[in-house]
Each structure stands twice: as C-alpha cells, then as structure tokens.
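Take these sequences, add in the hints, and give me the full structure.
Those protein sequences? They're chains A and B, same order as listed. First residue of the first sequence? That's 1 in the working numbering, and the numbers climb one at a time after it. First residue of the second sequence? That's 1001 in the working numbering, and the numbers climb one at a time after it.
Note that these hints are calculated values from the structure, not bench results. It is possible that some hints are incorrect.
[Stated by the list, open to error] Some chain A residues well away from chain B (every beta-carbon gap over 10 Å; in silico):
#  : residue
1  : 19
2  : 29
3  : 50
4  : 62
5  : 63
6  : 68
7  : 77
8  : 87
9  : 97
10 : 117
11 : 144
[Stated by the list, open to error] Simulated crosslink set (DSS-like; lysine-lysine; CA at most 25 Å straight-line):
#  : chain 1 : residue 1 : chain 2 : residue 2
12 : B       : 1088      : A       : 121
13 : A       : 115       : B       : 1115
14 : A       : 115       : A       : 73
15 : B       : 1073      : B       : 1053
16 : A       : 73        : A       : 121
17 : A       : 115       : B       : 1053
18 : A       : 88        : B       : 1073
19 : B       : 1144      : A       : 115
20 : A       : 144       : B       : 1088
[Unchecked claim] For the chain A half of the interface with chain B, some residues (derived, Cβ under 7 Å), not all of them:
#  : residue
21 : 7
22 : 94
23 : 95
24 : 104
25 : 110
26 : 118
27 : 120
28 : 134
We put the CB at the ideal spot given by N, CA and C, even for glycine.
2 protein chains.
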Amino acid sequence: MLSNASKYAILSTLYLAQHSNEQRKISVKEIAENIDVPNPFLAKLFQQLVRGKIISSTKGPHGGFYLSERNKKKNVLDIIDNIDGLNKLNGCFMGLHECDSTNPCPVHFIVEPFKNNLFTKFRDLTIIEFAQEISDFNTLLTLKNVNPSFKTP
Amino acid sequence: MLSNASKYAILSTLYLAQHSNEQRKISVKEIAENIDVPNPFLAKLFQQLVRGKIISSTKGPHGGFYLSERNKKKNVLDIIDNIDGLNKLNGCFMGLHECDSTNPCPVHFIVEPFKNNLFTKFRDLTIIEFAQEISDFNTLLTLKNVNPSFKTP
DNA sequence: TTATTAAAAGACCTTTTTGTCTTTTAATAA
DNA sequence: TTATTAAAAGACAAAAAGGTCTTTTAATAA
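Structure (structure tokens):
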C-alpha cells in the first residue's frame, strides 16, 4: 500500500518537524541513524522531497535539512503523492480496475471506511500538527527495535 | 499490502469456487481470460496453490483445476499465506518493527480495526462461503473494465 | 580566498516481483 | 496403444523497488 520509500519519507519528515528549524538544520546522517533507515537511500529521497518543496535544505557547514514555514503547512498526503503518487494508496485493495460503491470488490465496504479515516488524517493535519500529535500521544517514529531484549530472550 | 500474485490467486480461486467442481474442471486459459490476468503467470501461481493444497488439478483431456471437498474448506487467508506469507499483510502500516497498542505507530489505531475486520472476513469464511457471498451481493470478481465506454468518452 | 562541510547529482548494483517460453509428464479418449 | 490434451516444471527475461557509491556543487567559517 505504501512503499518503503514513502514510509521512510513520512517518518523522516515528521522527525524534521520535531527536531529542526531554520536555525537548527539536520544532516541525513542524524536522521538515518535515528529513524534506522539506510543513509544513502534516505539522501536520495530527501533530494526528491526538496525538489517537491516538501522539505528544505542548505549546503555547507551547519547546512542540512529543515522545514520552512511553507513546508510546515504541507501534509502527509503531499509526501506520499511526491514519492509514490496517490493512486498507489487509492487503488482497489483487490486490484480491480473498477471498484466503487455501486460496483464493489468483495472487500470494498471493509476497506472504504478505513481509507476515509486514513485520508482524513493524512490530509487534514499539517505536518506540524501531525508531529505535535505524535509528541502528545507518544506514538513511535523509528524503525528501531525500542526494546531488542524482548526479541532475544 | 497484497502482491498482485495474491490478488490474482484470490480472485481465481473464488472463480473456481463459483464455476468448477470435480466433474467440471477449468483450464488456466479460461480463468486467465475471465479474470483478465496474464495466462502463464497464473499457471505458475496455480502450480503453487496445488502444492499448497488450496486447489486441485488433473492433467489430460477434460483435465484442469477445481476445488475438492477439502479445498472448499480453506479460507482466503490460506491463499494469502501460501503466496505472500501472512507477515506482509500483518506488518505495521508505517513499517515499524515494533508496533502494538502499547507501542503504537502514528496510525495504529486507524489501521488496527480495519485489519481485524479484514482478518475476520478472510479467516472465518470458507472459500465456498466467500464465493456464495459474492454471488449474493453481486460484487465483482474480474480485473476487466466492465464498462470501458465510461473511461473513454 | 581557501579549507571544510554537507547536500546534489548521477552512475551503478542487487533483490524482488512480475511475466514468458519451452519441454516434460500424466491422464484419457479413440 | 497411440494421439491428444492440459498441467507441471524449470529456465529465462523484463521491470520495479530498494539500496550504494563517487564526484560535483554550494555555502560558510577561518
């Protein structure tokens, strides 16, 4: 439904929203390490996000990535659109080319409410609001195993 | 979330449930044409489903694929498990390695109810019951454009 | 103005997914 | 028992996704 690239992009952009500003820019390295994502792959993604005006960057000493005021008003759907395109997320769960409430696939009425919820969340919250919610509710933002000891007893 | 392979396998197996029995076996060709799926690719998938005892086959004249009585008691989750493995469907939507209700990703509480609904449907109905429901509710089972004229005005 | 720093760019590689083609095997009907 | 039919098997091939590496460009601090 989402590519790894989109997932990485969302998590990293939310990380930027939480930890960066025009004064404090962040290197790919720091983010890659914190989100636990391959460094050069994230660098590529960030180039694309900059071109898509989702995030901003400056080169040189104390350079790095950050969110401008305009960037902060983007939403998660803009990120997905920029990386995967929206069709990938929007397409029928069973792959049918025609699938709507009058011509539904076998799971249409299970998938549709979920998609509506998801789209609402991804469209109606700005990146900053989304990041704020994550801080408030303490949801996770890293691919790392927070508690690796649980996995290898 | 589901690979094309899984989607093809589900649609095709449901087609078998609707149109085949031990007396009337169906060729890959017929199914591929009706579901609108690449013929040789479906042939490969069907080999795997036969090995996984999800569907049955016999060679030779009037041979083809069909569902045995045991096959009919399988469910959609068995198909997905056989083709993709369950982890692909079960994994965190944001890709987090740890994600549960005590350690949730940012969309965990939106995704979780959906997954429960989906798993219930895919696990608690047999293939036959699922196919019956499709007939009853007239949901679609083909990747074809039912009404191509709508698309090119 | 030069050294340093960090992103930008682009070439390259690997794996997975998707899809194709040819040959072999098995069932059966004539 | 032989021709026919249709799946089984396996080798290929193309495309997409995922990931790496090296060189270039731009900013800035010394």
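Check your understanding: Hey, does residue 144 of chain A actually stay past 10 Å from chain B on C-beta?
Key -> Non-interface label fails for residue 144 of chain A: nearest chain B Cβ at 7 Å, not farther than 10 Å.
**Study point:** Closest CB of chain B to the CB of residue 77 of chain A still more than 10 Å away
**Key:** Per Cβ check, residue 77 of chain A is outside 10 Å of chain B; nearest 13 Å; holds.
Review point. Holds or violated: residue 115 of chain A with residue 1115 of chain B, Cα cutoff 25 Å?
Key: Answer holds: residue 115 of chain A to residue 1115 of chain B is near 12 Å, not above 25 Å.
Check your understanding: Taking the closest Cβ pair, is residue 118 of chain A under 7 Å from chain B?
Key -> 6 Å, holds
Check your understanding: Under the criterion that the straight-line Cα-Cα distance not exceed 25 Å, is the pair residue 88 of chain A, residue 1073 of chain B satisfied?
Key -> Not OK: residue 88 of chain A and residue 1073 of chain B at ~33 Å, beyond 25 Å, violated.
Review point. Beyond 10 Å from every Cβ of chain B: is that where the Cβ of residue 87 of chain A lies?
Key: For residue 87 of chain A, whose nearest Cβ neighbour in chain B is about 14 Å away, the distance exceeds 10 Å, so it holds.
Review point. At a threshold of 7 Å, is the proposed contact between residue 94 of chain A and chain B supported by beta-carbon distances?
Key: Because about 6 Å separates residue 94 of chain A from the closest Cβ in chain B, which is inside the 7 Å limit, the hint holds.
**Study point:** 10 Å Cβ clearance of residue 63 of chain A from chain B
**Key:** It holds; residue 63 of chain A is separated from chain B by about 28 Å at its closest Cβ, greater than 10 Å.
Review point. Is the interface hint for residue 110 of chain A satisfied, with its Cβ closer than 7 Å to some Cβ of chain B?
Key: 5 Å, holds
Practice item. Evaluate the condition: distance from the CB of residue 19 of chain A to the nearest CB of chain B exceeds 10 Å. Key: 16 Å, holds
Practice item. Have a go at the residue 104 of chain A hint: is there a Cβ in chain B nearer than 7 Å to its own Cβ? Key: Cβ of residue 104 of chain A sits 5 Å from chain B, so the hint holds.
Check your understanding: Are all beta-carbon distances from residue 62 of chain A to chain B longer than 10 Å?
Key -> 30 Å, holds
Going down the numbered hints, you'll see the structure goes against 9, 10, 11, 17, 18 and 27, while the others check out.
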